[in-house]
Amino acid sequence: MAINLNRLEKASLIITFIDKLKEYNSWGGETHVQKAMYFLQHLTHLDLDYSFILYKHGPYSFDFHDQLTEMFSEGLMDNEIINSQYGPSLVPTASGKRIRDHFASSIKQYHNQMDFIANHLGDKNVVELERMGTALYVTLDGCQEDVESRAGRIIELKPHIKIEKARQAVQNVDRMRRSFEQHFSN
Amino acid sequence: MEPMLGIEEGGLHSAEALLLARYFMFTQVYLHPIRRIYDIHLKDFLIEWLNEKKFFKSLDNYLSLTDNQILTEIININTRSRKKKPGSVHAERILKRDHFKLLYEKNPEDGRINPEASHKIYEECVSQFGQSNVRRDYYYKGASKINHFPVQRHDGSIESVLSLSKTLSQIPPFLVDYVFIESSLLEKATVWLKKCKNDIIKLP
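Chains A and B, in that order, are what the protein sequence lines are. The first sequence begins at 1 in this note's numbering and counts up by one. The second sequence begins at 1001 in this note's numbering and counts up by one.
Careful: at least some of the hints might be erroneous.
[Stated by the list, open to error] Here are the computed lysine-lysine pairs in the DSS-like style, where the Cα-Cα straight-line distance is at most 27 angstroms:
#1 B/K1197 - A/K97
#2 A/K97 - B/K1120
#3 A/K97 - B/K1057
#4 B/K1106 - B/K1141
#5 A/K10 - B/K1106
#6 A/K10 - B/K1120
#7 A/K108 - B/K1202
Just so you know, the hints here were simulated from the structure itself, not pulled from any lab data. Remember, predicted model here, so these are calculated numbers, not experimental data.
Produce the entire structure from the sequences given, and follow the hints as far as they go.
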């Protein structure tokens, strides 16, 4: 069931989530944030009602992309070029920070989940995130089989991924899921 | 990294000129409020005039429908005897140039208070003056994807155009957020909005 947040509360949550990812050394580009949002929704069950499909670089949500686009249009976020060799990083503007702080109490209850994901994914680059995102996707897509079968499924979907990396990604995702269940079931 | 289309450094100024010209075309022509409100009036007319508020299901019938036919219908619908035909109100607006007037447009100051300022003002306008007398036009096209392309420098190295061109990194996205009101209500609505705007747009 989707959690009940209005548009600006959702924007506050997204900005807070991006802040947390960066605290854990994430580049914070749209690809990073997309994959992290997929984990936030589908691993920690924080249902923000974004629908994800398996796209060019793993799970991707056009709804979420539209939300980010709206936030740009409303002056809540901007792009920052940190290194010209790579894509831009998403940064909140002064207005974005104001909205983040104004609705902070509405989203406080979700901080632990955001922190968990940021902690586990913050330092991952887009290549690792693509592998892990696809691993979570095949796991949740009814493919509850052993590591080897799921790794095989990943390389069927993404032939450029090597089998040992796919295996590693599945194991990392399983570890994350177990860790989440342990920490949050109490 | 995926292959991307880029330019050589020698073409940078031409690229800037092209993208600036595109920006001006959008802001001064395509997104001009008068052009936008006539689009809305035309859509309103078509919705009422077309059967079931949709274009024909048959491809042949759809292709046979031309601008000339619609303009003729707009002109003919505005005779006294046909005044009550579906779409006549909107046809009259188009023919007599009695378009809805711009009451409010998004601005950075109000946006800083509430990013949803236009939306809130639109809702309150509808509540105050009636749905049939108010229209909102929202359009956004982000510039960032178009403006972020690689440039091959004279020494062969590749850099993002956004780090080489201050001009292109400053081009804002195309955005309009207009609230229009029926022309006879403009004066009253302007006074009302001036009085109530701050209360309408403050954050909950």
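Here is how each hint holds up against the structure:
no.: 1; hint: B/K1197 - A/K97; result: holds (23 angstroms)
no.: 2; hint: A/K97 - B/K1120; result: holds (21 angstroms)
no.: 3; hint: A/K97 - B/K1057; result: violated (49 angstroms)
no.: 4; hint: B/K1106 - B/K1141; result: holds (15 angstroms)
no.: 5; hint: A/K10 - B/K1106; result: holds (21 angstroms)
no.: 6; hint: A/K10 - B/K1120; result: holds (17 angstroms)
no.: 7; hint: A/K108 - B/K1202; result: holds (22 angstroms)
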